[in-house]
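Construct the complete structure from the given sequences, taking the supplied hints into account.
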Amino acid sequence: MLKNIIIFIAAFLALLMMAETPGVDAAGSKDVLVIGMATSDIISLDPAKAFEFSGVGLDAQIYDRLLDFPAGRFDKPELSLAKSYEVSPDGKTWTFHLRKDVKFHSGNPLTAEDVVYSFQRVVILKDQPSFILTQFGITPESIKAVDKYTVQITLDQKYASGIFFSCLSAGVASIVDSKVVKQHVQKTDKYPDGDYGLTWLSRNSAGSGSFILRKWEKGDRVILDANADHFANPPKVKRVVIKEIVEATSRRLQVEKGDLDIAWEMYPDQIKALKQNKDLRIESIPATLIYYLGMNVTKGPLTDNRVRTAIRHAVNYGGLINNIMGGAARPINTFIPAGFAGYQDVSFYREDLEKARQLLKEAGYPDGFEITMDHGDQTPNPEIAQAIQNSLARVGIKVKLNKLISAQLWPKYRAQKHELILARWGPDYVDPHTNAQPFADYKAKQLCWRNVYYNDATSGLIQQAGQEMDNDKRIALYQKANTIIQQEGPYAMLFQPMYEHAVRNNIKDVYVAPMFDLWKLYTVRKE
Amino acid sequence: MLQYILRRLFTLIITLVGIMVVTFFISLVVPLDPLASIAGPQAPQETVERLRTLYGFDQPIYVQFGRYMQRLLHADLGTSFQTGRPVLDDIIQYFPATIELATMALIVSIIIGIPLGILSAVYRNSAVDHFSRVLSLIGVSMPVFWLGLVLLLIFYFKLGWFPEPGRLDIMLIEPERITGMLLVDSVIALDFEVFWDALKHIVLPAAVLGLYGLAGIARIVRSSMLDVLSQEYIKTARIKGLNEFLVLTRHALRNALVPAVTVIGLTYGGLLEGSVLTETIFSWPGLGRYLATAFLTLDLNAVVGGTMLVALMFSLVNLVVDLIYAFLNPQITLTAS
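Residue numbers (the working numbering), protein chains in the order written: chain A, 757 to 1283; chain B, 2 to 338.
Source of the hints: derived by calculation from the structure; they are not laboratory data. Warning: the hint list may mix true and false statements.
Computed list of lysine-lysine pairs in DSS-like fashion (alpha-carbon distance at most 30 Å, straight line) [to be verified]:
| no. | chain 1 | residue 1 | chain 2 | residue 2 |
| --- | --- | --- | --- | --- |
| 1 | A | 1264 | A | 1201 |
| 2 | B | 201 | A | 1282 |
| 3 | A | 832 | A | 1199 |
| 4 | B | 159 | A | 1028 |
| 5 | B | 201 | A | 994 |
| 6 | A | 971 | B | 241 |
| 7 | A | 786 | B | 159 |
See below:
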């Protein structure tokens, strides 16, 4: 027996030694771009369902929309599948004229029928991102093909064109190949009359975009092949492989070794080390995410705005940014993040303990009080929570931390049962309205509502902005609402984090985007 | 023997049904909302409510359970929320990668653990014994997460002996999927380039997991060898002038292996659940991460389906262990009663 074992071990080791190193080095091939990324959030790649960061980012490569943001430009969308448009005098009916030279990956021409089908399935399926279209009152009947290349969309009232266009350039407004999708409709237990291709499109694609989805296997990789015949943006590489690498240290080792061309989202301690490596560079941009502290204004001392303001003055913002985020964040005192129209670099609050103590004293809490703060279990949330706990302890506010997994945290927030909550918000589409509405209009039943801050003034301003056709006036309305929210509202805005990616030097023309909707890979070259 | 196996398989079905019922109800009574992960933190209230109705979470528990049972009778484990795919398809997708890794890890544990156990028993309190003790201690107490990263740093990053994390080089094309295990499928397809590459990819994760299993195996082999070596029949064998190697392998080891088989079985059962941390570090698309995400997001169908699979694996491994007992020691008889 022992002899057999020894022979087996010897044979096994001999086998391993004989094994050569792989002959082809993926990252060495000029035609294949290899990206390492934590893509485990993807649930579906169907544009009608995808609402997670990575899923929306991938759909931006696979599908085209009527309007779109060019690579590296984030101010306003430009015409893409639509070559022109007109709007009726009452501002409700929009007519889009489509390009005639667009073909889907299947070879089918892209026509008005496809646009109608794409929007109708979003509205009928009513999945997560559907509100981006249905908020304009779009119904299956209100969208029609006037002729082969003309689409008409009728809204329930007048809306600001800036908001409407941004939503038409969002992932959910991607145009799918109706002929292909219709071949893959299934009857499922949730959709007994047919699922509009929802099941099939979750891991297959029917688009016209710069890339064709070859494969997505959760936990493993996504493979995108170039669509060399794209009408405007044929990619510079033949294939993109996005490896799911959840562990950031593993991403770092692989990009340094050259097995990855780009390591997505590196953390501050790794950035420090990566900056020493001359073979790569760090590309960074402020993400359009906002970390904030939500305060339920019906709970104990938080009903008093002086207390909320005291909390805003007691937070050690510099400590959060420099110590917890390693400098990869910037202070923010507005619900419109840097990168969006209307962002103002104003500072309402800075750390001022004297002022905080004074306000607490005026509010009748000279010795502070005890309060609970709910927060998520994923880094950096527990670290931020502890830092805030320390910050507030300096003015006598004893914070009891309550770490919850998302299946506990969000239901509690939605049920308005929290006292303090550490959370973050990312825009749903590329327009300040996507942040202004949740943060300032309680009638949208979003963040403002969850913190039970029912302010008709800010709500009115946001609704007015929603219909304002003049963009400058619209932005001014958001800024006015922001001032009220910052001074009286239920939040302490903490910071806006940075996206930092490690890119090898032979990778050119990488335009890093502040949010996944704006991610474009067709420009990227490999030398 | 056959009667015994059939009887065991019958009790297995009852066990599975019990586990399914318990898991289902535990998942529904915990104060967690599965909608939170389906809808995400940002979805507006109406979307959440609409999804609650769509997924049937607005129904009473007994209705949900009835629907689940109805589907189960048609061999339908339901759809996973996190992949949007039938749970059975997910298991077929992820489980082979786990079986492959678990088996390789177990081989590492056995081929190092058993000889180490024997040697430390024979040369009790010698350098070999101390080495074995330290190695076992390291195997049990070293955090897998840390060990995995250190092995990557040394053997992948610094020395370049082993390839990057993952199952296969990006430029290689996977052979036709038959078993889902790359090492097996590549041999079937006679694609030895893929076989070598897959083998090199599996070494580091298998070593990390193997070191953990090795500890238990080496310790149990050592103690049972010590026990057996003090028996009269070993003395008799030695007095008869039998070669020491034969005494150890034929007479001692065979009996000493009986308790070791139990430990090996349990180790294998544990490995088949998948290892979240090892899979995360080595980008291994296995069952461990799938199940961990399922539990954290309360992906109900995946939780129940996955738990049943794990129970099934444990039961089958136990059955095999019992059969091996009879093979190793003919005095053990398997009866149906």
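Given the proposed pairing of residue 832 of chain A with residue 1199 of chain A, does the C-alpha separation stay at or below 30 Å? holds, 27 Å
Holds or violated: residue 159 of chain B and residue 1028 of chain A, Cα atoms, limit 30 Å. OK: residue 159 of chain B and residue 1028 of chain A at ~19 Å, within 30 Å.
Taking only the CA atoms, is the gap from residue 201 of chain B to residue 1282 of chain A under or equal to 30 Å? Holds, at about 28 Å.
Given the hint that residue 1264 of chain A pairs with residue 1201 of chain A, does the C-alpha gap stay at or below 30 Å? Not OK: residue 1264 of chain A and residue 1201 of chain A at ~43 Å, beyond 30 Å, violated.
When you check the alpha-carbon spacing of residue 786 of chain A and residue 159 of chain B, does it fall within 30 Å? The hint holds at about 25 Å.
Keeping to a limit of 30 Å between CA atoms, is the pair of residue 971 of chain A and residue 241 of chain B held or broken? Violated, at about 67 Å.
Holds or violated: are the alpha carbons of residue 201 of chain B and residue 994 of chain A at most 30 Å from each other? holds, 28 Å
In summary, the numbered hints that this structure violates are 1, 6.
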